[in-house]
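2 protein chains.
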Amino acid sequence: MAANSEANSDGGDQDKEYVGFATLPNQVHRKSVKKGFDFTLMVAGESGLGKSTLVNSLFLTDLYKDRKLLNAEERITQTVEITKHTVDIEEKGVKLKLTIVDTPGFGDAVNNTECWKSVADYIDQQFEQYFRDESGLNRKNIQDNRVHCCLYFISPFGHGLRPLDVEFMKALHEKVNIVPVLAKADTLTPGEVKKKKIKIREEIEQYGIKIYQFPDCDSDEDEDFKQQDHELKESIPFAVIGSNTVVEAKGKRVRGRLYPWGIVEVENPAHCDFVKLRNMLVRTHMQDLKDVTRETHYENYRAQCIQSMTRMVVKERNRNKLTRESGTDFPIPVVPGVAETETEKLIREKDEEVRHADHELESHHDHEHDSAHNFDHHEHSDRQPSPERHSDHKGDEAL
Amino acid sequence: MAANSEANSDGGDQDKEYVGFATLPNQVHRKSVKKGFDFTLMVAGESGLGKSTLVNSLFLTDLYKDRKLLNAEERITQTVEITKHTVDIEEKGVKLKLTIVDTPGFGDAVNNTECWKSVADYIDQQFEQYFRDESGLNRKNIQDNRVHCCLYFISPFGHGLRPLDVEFMKALHEKVNIVPVLAKADTLTPGEVKKKKIKIREEIEQYGIKIYQFPDCDSDEDEDFKQQDHELKESIPFAVIGSNTVVEAKGKRVRGRLYPWGIVEVENPAHCDFVKLRNMLVRTHMQDLKDVTRETHYENYRAQCIQSMTRMVVKERNRNKLTRESGTDFPIPVVPGVAETETEKLIREKDEEVRHADHELESHHDHEHDSAHNFDHHEHSDRQPSPERHSDHKGDEAL
Numbered sequence: 037m038a039a040n041s042e043a044n045s046d047g048g049d050q051d052k053e054y055v056g057f058a059t060l061p062n063q064v065h066r067k068s069v070k071k072g073f074d075f076t077l078m079v080a081g082e083s084g085l086g087k088s089t090l091v092n093s094l095f096l097t098d099l100y101k102d103r104k105l106l107n108a109e110e111r112i113t114q115t116v117e118i119t120k121h122t123v124d125i126e127e128k129g130v131k132l133k134l135t136i137v138d139t140p141g142f143g144d145a146v147n148n149t150e151c152w153k154s155v156a157d158y159i160d161q162q163f164e165q166y167f168r169d170e171s172g173l174n175r176k177n178i179q180d181n182r183v184h185c186c187l188y189f190i191s192p193f194g195h196g197l198r199p200l201d202v203e204f205m206k207a208l209h210e211k212v213n214i215v216p217v218l219a220k221a222d223t224l225t226p227g228e229v230k231k232k233k234i235k236i237r238e239e240i241e242q243y244g245i246k247i248y249q250f251p252d253c254d255s256d257e258d259e260d261f262k263q264q265d266h267e268l269k270e271s272i273p274f275a276v277i278g279s280n281t282v283v284e285a286k287g288k289r290v291r292g293r294l295y296p297w298g299i300v301e302v303e304n305p306a307h308c309d310f311v312k313l314r315n316m317l318v319r320t321h322m323q324d325l326k327d328v329t330r331e332t333h334y335e336n337y338r339a340q341c342i343q344s345m346t347r348m349v350v351k352e353r354n355r356n357k358l359t360r361e362s363g364t365d366f367p368i369p370v371v372p373g374v375a376e377t378e379t380e381k382l383i384r385e386k387d388e389e390v391r392h393a394d395h396e397l398e399s400h401h402d403h404e405h406d407s408a409h410n411f412d413h414h415e416h417s418d419r420q421p422s423p424e425r426h427s428d429h430k431g432d433e434a435l
Numbered sequence: 037m038a039a040n041s042e043a044n045s046d047g048g049d050q051d052k053e054y055v056g057f058a059t060l061p062n063q064v065h066r067k068s069v070k071k072g073f074d075f076t077l078m079v080a081g082e083s084g085l086g087k088s089t090l091v092n093s094l095f096l097t098d099l100y101k102d103r104k105l106l107n108a109e110e111r112i113t114q115t116v117e118i119t120k121h122t123v124d125i126e127e128k129g130v131k132l133k134l135t136i137v138d139t140p141g142f143g144d145a146v147n148n149t150e151c152w153k154s155v156a157d158y159i160d161q162q163f164e165q166y167f168r169d170e171s172g173l174n175r176k177n178i179q180d181n182r183v184h185c186c187l188y189f190i191s192p193f194g195h196g197l198r199p200l201d202v203e204f205m206k207a208l209h210e211k212v213n214i215v216p217v218l219a220k221a222d223t224l225t226p227g228e229v230k231k232k233k234i235k236i237r238e239e240i241e242q243y244g245i246k247i248y249q250f251p252d253c254d255s256d257e258d259e260d261f262k263q264q265d266h267e268l269k270e271s272i273p274f275a276v277i278g279s280n281t282v283v284e285a286k287g288k289r290v291r292g293r294l295y296p297w298g299i300v301e302v303e304n305p306a307h308c309d310f311v312k313l314r315n316m317l318v319r320t321h322m323q324d325l326k327d328v329t330r331e332t333h334y335e336n337y338r339a340q341c342i343q344s345m346t347r348m349v350v351k352e353r354n355r356n357k358l359t360r361e362s363g364t365d366f367p368i369p370v371v372p373g374v375a376e377t378e379t380e381k382l383i384r385e386k387d388e389e390v391r392h393a394d395h396e397l398e399s400h401h402d403h404e405h406d407s408a409h410n411f412d413h414h415e416h417s418d419r420q421p422s423p424e425r426h427s428d429h430k431g432d433e434a435l
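Here the protein sequences come in this chain order: E and X.
Numbers 37 to 435, taken from my numbering, label the letters of the first sequence in order.
Numbers 37 to 435, taken from my numbering, label the letters of the second sequence in order.
Here chain E stands alone, though its shape is the one from the complex:
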């Protein structure tokens, strides 16, 4: 180790023994600002639960200027149509390309069987596109449309979760970070909110729904941060109230709803969890939502995709009864005929994982039937495929 060295240059603000790589996070910070950010948020749930209003409230922007509302007759047979709105917003020099993926009309029809399917397909399509792009020859300027978070709106009128909610979340929880919100919370008293939250959290647990998990606090975080984190976890599902109108409350102009019995203030934490949700979604966990999407959901999709492709190629090769010369040295395990043994070993391992998960899910499924009386109605539960089974099934089809 070197002895002390007085830096007699470089501004004189250096410590002794200071190399300077402590600036690395600042270099990353600087680059990220230059590059700009993007975030894709999906909102899902019955229409009329205030999805659009909440999104506008969250980002202080009007994403739905040209929205056309359908009448009841149109909505009865309406299919779930996915729409995308993109806005470029800037704040203190930080640029954000915000994309809102809306699933209008969800749950509107009389028969909502498999209404989650088009949403699941949409998410998969974005993964597939990204997979193609990142496997392609030219990877510059790849447009990343992967969905980073799905705000799932739960009706305040249900006794906990409705079967459709369970079905929807279970069909999507392996594909996207689900954040459940209790919509239109101004119809519930504080006591009702509290009870409903506990019920919903219990049901989420009971049906094995994997919602977005806030990352664990590091032991070196300060107490304030830990307290905030604890409160956040206790707030699930966030009880929210949205408003596009500004009203006057106690001499201040606030976003709110003017009732004859008083004013509901959207950003008042005594009235609802709007501020908590916004803090989580935007100010503290936005980057984590992106990272989990990239590192977990996308990686799962990609692994399943490679597995079914490899199976297909292996099967075709067997059919063609090709006798290949050995010894070609090919660098990628994905390409058949080469590192096949290694790939197949991995696939076997992955298959076992899937079987294991399936087994666990079946236990859950049985459990679900036992407690079906919790549901308002439960007409599709038998047809409800678990996500693992769903993808596994897809893999078989590919063969």
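Warning: the hint list may mix true and false statements.
What the hints assert, rightly or not - As a list, the in silico DSSO-like pairs of lysine-lysine whose alpha-carbon atoms are at most 27 Å apart:
1) X:Lys-312 - E:Lys-67
2) E:Lys-133 - X:Lys-67
3) E:Lys-120 - E:Lys-131
4) E:Lys-262 - X:Lys-71
5) E:Lys-67 - X:Lys-131
6) X:Lys-120 - X:Lys-71
7) E:Lys-246 - X:Lys-70
8) X:Lys-71 - E:Lys-70
9) E:Lys-312 - E:Lys-286
10) X:Lys-176 - X:Lys-133
11) X:Lys-262 - X:Lys-231
12) E:Lys-133 - X:Lys-312
13) E:Lys-71 - E:Lys-131
14) X:Lys-230 - X:Lys-269
15) X:Lys-176 - E:Lys-67
16) X:Lys-67 - E:Lys-312
17) E:Lys-312 - E:Lys-269
18) X:Lys-351 - E:Lys-351
Because the hints were derived from the structure by calculation, they are not lab data.
Given the structure is predicted, the values throughout are model-derived calculations rather than measurements.
For chain E, the structure is supplied; the task is to place chain X on it using the hints.
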């Protein structure tokens, strides 16, 4: 657009109309600190030019405790052996895994023909390993050993660049960020340093050597930053002096070299560019060196690799005269028999680019011959393949 809303919660430190995504760079900053950094630096050049001493001076650490020096006889036939040293260092809570790749003995032998080859192979091997890893099924915990920067040491005794310097840098400039340094600058007067730098910059230009380019300043940078950036570009090749010993100069203890005629202070900008080099390498451009490695050098390697693989597969398929059913919908273009047309289109385009580059390089090459009298000796110039040609050749071999 929403009207003003007074945030009556959330600490009260919020602006009006403040959503909060301006914290995104801080979220990235925070995550990067948690994850830690890594950096791989290669040093190359004749032995005796102070490579190890400079690295120790840069990172205030002793990377070469166990080094064994070879005697002259051993060095004559010595092959270029690559060694790797890794240290975990921490500064102000920022962790850095620093890897130094050393090429000891380089240029030591009497016949140094193709002595750059093992270095080029080493860099390619790291790319290949990363390519395998990022194409594999499980991409968690990939170890990234790609070389982010190569400090190339130029002897202060040459009249500008030596033929070996030209050969080495041309063989590597498409694979790694080369930063040339003028070694042991305490043997040169300030006037000599200035002249030598100009000469070397001219020769770098003349021989078409692509050294690491500092990114252009944005127009919104402040004047100070622009001035610094300009000085940096004018400093190439950085004239450096290393020292592991601490001496007393003007009552201060400094890293330096004690001569009968005075004290050379390593960190005195009037004496050499050590501080400039350290600032660039560590404090301002370390992240950019990593980004260029990832986005340019690695992507070039990957594209060439995919091209030659695809050619190989297409050729094999033709030989096997397989008739494939059409209509299989396979998501990745890399996999043969599928998005083949798109891939082949891309390859054709890339081929044309390569041909174009080849053509340009041939002009350079001719030019090089014209000016061969600039060299001290020039015995290998005819055998010197350009990097493009080299890789193209590799592709043909694969077929």
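**Message:** With the threshold set at 27 Å, check whether the alpha-carbon distance from Lys-120 (chain X) to Lys-71 (chain X) stays at or below it.
**Reply:** 23 Å, holds
**Prompt:** Is the Cα-Cα distance between Lys-262 (chain E) and Lys-71 (chain X) 27 Å or less?
**Reply:** 20 Å, holds
**Request:** For the pair we were handed, Lys-71 (chain E) and Lys-131 (chain E), check the Cα-Cα distance against 27 Å.
**Result:** 8 Å, holds
**Item:** Distance restraint between Lys-351 (chain X) and Lys-351 (chain E), which requires alpha-carbon spacing of 27 Å or less
**Value:** Given pair Lys-351 (chain X), Lys-351 (chain E) holds - Cα atoms ~21 Å apart, limit 27 Å.
**Asked** Has the given pair, Lys-67 (chain E) with Lys-131 (chain X), been kept, meaning a C-alpha gap of at most 27 Å?
**Response** Holds, at about 19 Å.
**Request:** Decide if the proposed pair is consistent with the structure: Lys-312 (chain X) and Lys-67 (chain E), CA atoms, cutoff 27 Å inclusive.
**Result:** 21 Å, holds
**Message:** Would the hint linking Lys-230 (chain X) and Lys-269 (chain X) be met if the CA-CA limit is 27 Å?
**Reply:** 14 Å, holds
**Prompt:** Can the restraint linking Lys-67 (chain X) and Lys-312 (chain E) be considered satisfied, given a maximum Cα separation of 27 Å?
**Reply:** Roughly 21 Å between the alpha carbons, so the hint for Lys-67 (chain X) and Lys-312 (chain E) holds.
**Item:** Given pair status - Lys-286 (chain E), Lys-312 (chain E), alpha carbons within 27 Å
**Value:** 22 Å, holds
**Request:** Could you grab the alpha-carbon distance between Lys-120 (chain E) and Lys-131 (chain E) and see if it respects the 27 Å cut-off?
**Result:** 19 Å, holds
**Asked** Is it true that the CA of Lys-133 (chain E) sits at most 27 Å from the CA of Lys-67 (chain X)?
**Response** Cα-Cα ~21 Å, so holds.
**Prompt:** Is Lys-176 (chain X) within 27 Å of Lys-133 (chain X), Cα to Cα?
**Reply:** 18 Å, holds
The structure fails hint 12 only (numbered hints given earlier).
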